[in-house]
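Visitor: Chain by chain, the residues:
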Amino acid sequence: MSDRASPQAPKAPSKGGSTISSWRASYRRYRRDHKWLGWGIPLAAVVLAFSYPWWGLEGPLSFIFNDGLGIDNDTLFIMSIYVMLALGLNVVVGYAGLLDLGYVAFFALGAYTLGWFGSGLFSQRDVHFLDTNAARLPGIHLSFWVVVLLAGAICAFAGILIGWPTLRLRGDYLAIVTLGFGEIIPDVFRNGDDVGGHNLTNGVRGVTQLDRPGFGQSISDATGGILPVRYTSLELRPWYFTVLAMMLITVFVNLRLRDSKMGRAWIAVREDEIAASAMGVPLMRTKLWAYAIGAVFGGFAGAIYGSFINGIFPTSFSFQISVIVLVMVIVGGMGNIWGVIAGAMLISWLNFRGLDKIGERIGSLPGVSDDFSIAKYKFGIFGALLVLMMLFRPEGLIPSTRRRAEFAEGEGQATLYDARA
Amino acid sequence: MMADGNGSKNILEAVQVRKEFGGLIAVNDVDFVIPRGSIVSLIGPNGAGKTTFFNILTGVYKPTAGGVIFEGTTISGLPPHKVTALGMARTFQNIRLFHNMTAIENVLVAMHSRLKGGVWSSILGLPRLKREEDGAHERASELLAFSGLPGKEEAYAKNLSYGDQRRLEVARALATEPHLLLLDEPTAGMNPEETANFTTFVAKLRAEQDISVLLIEHDMRVVMGISDRVTVLDYGEKIAEGEPKEVQHDERVIEAYLGTAATG
Numbered sequence: 454m455s456d457r458a459s460p461q462a463p464k465a466p467s468k469g470g471s472t473i474s475s476w477r478a479s480y481r482r483y484r485r486d487h488k489w490l491g492w493g494i495p496l497a498a499v500v501l502a503f504s505y506p507w508w509g510l511e512g513p514l515s516f517i518f519n520d521g522l523g524i525d526n527d528t529l530f531i532m533s534i535y536v537m538l539a540l541g542l543n544v545v546v547g548y549a550g551l552l553d554l555g556y557v558a559f560f561a562l563g564a565y566t567l568g569w570f571g572s573g574l575f576s577q578r579d580v581h582f583l584d585t586n587a588a589r590l591p592g593i594h595l596s597f598w599v600v601v602l603l604a605g606a607i608c609a610f611a612g613i614l615i616g617w618p619t620l621r622l623r624g625d626y627l628a629i630v631t632l633g634f635g636e637i638i639p640d641v642f643r644n645g646d647d648v649g650g651h652n653l654t655n656g657v658r659g660v661t662q663l664d665r666p667g668f669g670q671s672i673s674d675a676t677g678g679i680l681p682v683r684y685t686s687l688e689l690r691p692w693y694f695t696v697l698a699m700m701l702i703t704v705f706v707n708l709r710l711r712d713s714k715m716g717r718a719w720i721a722v723r724e725d726e727i728a729a730s731a732m733g734v735p736l737m738r739t740k741l742w743a744y745a746i747g748a749v750f751g752g753f754a755g756a757i758y759g760s761f762i763n764g765i766f767p768t769s770f771s772f773q774i775s776v777i778v779l780v781m782v783i784v785g786g787m788g789n790i791w792g793v794i795a796g797a798m799l800i801s802w803l804n805f806r807g808l809d810k811i812g813e814r815i816g817s818l819p820g821v822s823d824d825f826s827i828a829k830y831k832f833g834i835f836g837a838l839l840v841l842m843m844l845f846r847p848e849g850l851i852p853s854t855r856r857r858a859e860f861a862e863g864e865g866q867a868t869l870y871d872a873r874a
Numbered sequence: 037m038m039a040d041g042n043g044s045k046n047i048l049e050a051v052q053v054r055k056e057f058g059g060l061i062a063v064n065d066v067d068f069v070i071p072r073g074s075i076v077s078l079i080g081p082n083g084a085g086k087t088t089f090f091n092i093l094t095g096v097y098k099p100t101a102g103g104v105i106f107e108g109t110t111i112s113g114l115p116p117h118k119v120t121a122l123g124m125a126r127t128f129q130n131i132r133l134f135h136n137m138t139a140i141e142n143v144l145v146a147m148h149s150r151l152k153g154g155v156w157s158s159i160l161g162l163p164r165l166k167r168e169e170d171g172a173h174e175r176a177s178e179l180l181a182f183s184g185l186p187g188k189e190e191a192y193a194k195n196l197s198y199g200d201q202r203r204l205e206v207a208r209a210l211a212t213e214p215h216l217l218l219l220d221e222p223t224a225g226m227n228p229e230e231t232a233n234f235t236t237f238v239a240k241l242r243a244e245q246d247i248s249v250l251l252i253e254h255d256m257r258v259v260m261g262i263s264d265r266v267t268v269l270d271y272g273e274k275i276a277e278g279e280p281k282e283v284q285h286d287e288r289v290i291e292a293y294l295g296t297a298a299t300g
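Here the protein sequences come in this chain order: L and P. My numbering numbers the first residue of the first sequence as 454 and each following residue consecutively. My numbering numbers the first residue of the second sequence as 37 and each following residue consecutively.
No lab work stands behind these hints, which were simulated from the structure alone. Only a predicted model underlies this, so the values are computations on that prediction, with no experimental measurement involved. Just so it is clear, CB atoms sit at the ideal spot from N, CA and C, and this is done for glycine as well. A couple of the hints might just be wrong.
[Said to hold, decoys possible] From the structure, some residues in chain L lie toward chain P, with a derived Cβ separation under 7 Å:
1) 675
2) 678
3) 713
4) 715
5) 718
6) 724
7) 725
8) 730
9) 732
10) 734
11) 857
12) 858
13) 859
Excised from the complex, chain L in its bound form (with noise of 0.2 Å):
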């Protein structure tokens, strides 16, 4: 919806107009003549996307990727996450306006979910489905690919649960409420070691041992080992191949409902409330569809995370999480599932990586000393950041269509309402 030429595209750069603003122009021009670019572009992304252990990691452009940048397994697979944590939040701030800062708290209870019934946390029971374990292990071991989906459902129980009291609050109150929570989850882990005399989530100490995603012996042996048994530490592709899996259903999932009843809903409720329910829009429910969604995704990543990172602790869920994945969203152009995805890949390898290469390179410079880490200024360089992308670029990296409309507000096209307002 929001990427559809609009009708001021065709119009020619307007004198004195920037080359960016001309380029722009003239690319939409080209886009509208040439359809295919539509699912090129996409299709084109998704073959480098899966490619990359080949050309970047090693090959040709592995100096400058993998060794110059530092993406590596381990990189690519928590930018991976990020992506998709920032696509699931977009939901929830982007096209409904909802501004959640609390998300890590779903986050986290998808990791648990991994947990519950993915480790030897409840090791009195002895449940077992489809598991890819090698031993039969103690506890409860459903089959990973079942626990993800029961991650996302109980994200979404959860996302409802506490939607429900309070997004019939607006804007900062809303704000204040879901930081509360953000805080409150990772804190009801720590401390659910000892409820009622049940050890929940093994407070402090953590959970530990997490099963990893498998395909079991019959279907690694059908289709010739491609699909691995069982995904180990040594070898880290499939866990990569499988995150971008993920993310790219979530892609899909975020592009088909933002041009599908709901998303409609979605921004108009954003818009503005009262006239969206006087228009037949219930808002508690266009609402909480969103939050739930959100959550959702924030489900997903959390339990593959937790089973990547093999170890799962209320410390790793804090509200730093929170504020990073918003800021992704917000720097890449809310709204917009390509700018998310470009500012979480940016701001995800900023955060893990980046920055430590960049400290080395200016480390290694005559007269710097050897233990310069910019790293860690890490949060004032994030902090200036986000100040300067308000300043010079509010509307975010790759923003809508619609949020560019938005911010170019107040730019000499007041209209009579805003006169009169």
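Keeping the supplied structure of chain L fixed, place chain P upon it in accordance with the hints.
Guide: Structure of chain P alone, referenced to chain L:
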């Protein structure tokens, strides 16, 4: 033209509706009916409680006492979206379009309660849903053309001219498939030509689409020109009701409202 309402002939009945904000009585025990197929105007000086009354009818406010019956269903206390689903639509005094959505998207949002497609079928992209969406887009285009906005589908609402924004508000309200249309000062800010066009348009609506209309209006030419009945509110109380001519000559009305308007 219209016989006085006798129960079932009325599309809407408000019985002893009262609304208090703290100590202020905004609407004071008002009885009110809209006969099916008629155009009824609600007039009164500023602060008379017209918009409050409107908001009670559409579910934005819950009345302190009294009830509203719309097509046989009690609607007082229902949230606005349920009232809309039952077939009542409104426009706003100060235009409340979705400014950063295109004209056609504005209209499509208003079809929310009429479209069946859910979240799951949207994600899966079922053919049934695609047919429904295509149909909705087509109908939205038709509605825009009908409301005087042909070819403006992709224009952002906020970039439309003032008159076009008013037209889009009506198109959006019509998209909810209403039986009763509530227009809150629809000609405010329009020039005389636009006002005349709009009056013709409302008359056409009633004639072609079988929609009853409730109008809040300050422009007496509009009110006297198209209303079948006029109700006058002052300080939250109904002070007169009847055909435009009768109301025009009612002493209390002249005193409260028309007197100053006629000489001014």
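Visitor: Hint check: is the beta carbon of residue 730 (chain L) less than 7 Å from a beta carbon of chain P?
Guide: 4 Å, holds
Visitor: Does the closest beta carbon of chain P sit nearer than 7 Å to the beta carbon of residue 675 (chain L)?
Guide: Violated. Min distance 27 Å.
Visitor: Restraint: residue 725 (chain L) near chain P, CB-CB cut 7 Å. Satisfied or not?
Guide: Hint on residue 725 (chain L): holds, closest Cβ of chain P at ~5 Å, below 7 Å.
Visitor: Would you check whether residue 857 (chain L) satisfies its interface hint, that is, whether its CB is within less than 7 Å of any CB in chain P?
Guide: Since chain P brings no Cβ nearer than about 10 Å to residue 857 (chain L), farther than 7 Å, the hint is violated.
Visitor: Holds or violated: is there a CB of chain P closer than 7 Å to the CB of residue 724 (chain L)?
Guide: For residue 724 (chain L), the interface hint holds, since the closest Cβ of chain P sits about 4 Å away, which is under 7 Å.
Visitor: Let's test the interface hint: is any C-beta of chain P closer than 7 Å to that of residue 678 (chain L)?
Guide: Where the cut-off is 7 Å and the nearest Cβ of chain P is about 32 Å from residue 678 (chain L), the hint is violated.
Visitor: Please verify that hint: residue 718 (chain L), Cβ, nearest Cβ of chain P, below 7 Å or not.
Guide: 6 Å, holds
Visitor: Going by Cβ atoms only, is residue 858 (chain L) closer than 7 Å to chain P?
Guide: 6 Å, holds
Visitor: How about residue 715 (chain L): closest beta carbon in chain P under 7 Å, or not?
Guide: 5 Å, holds
Visitor: Go through the hint on residue 734 (chain L) and say holds or violated, using the shortest Cβ distance to chain P against 7 Å.
Guide: Check passed: Cβ of residue 734 (chain L) comes within 5 Å of chain P, closer than 7 Å.
Visitor: Residue 713 (chain L) was flagged as interface toward chain P. Is the shortest Cβ-Cβ separation under 7 Å?
Guide: 3 Å, holds
Visitor: Interface hint check: residue 859 (chain L), Cβ to nearest Cβ on chain P, cutoff 7 Å. Holds or violated?
Guide: 5 Å, holds
Checked against the numbered hints given earlier, this structure breaks hints 1, 2 and 11; the rest are met.
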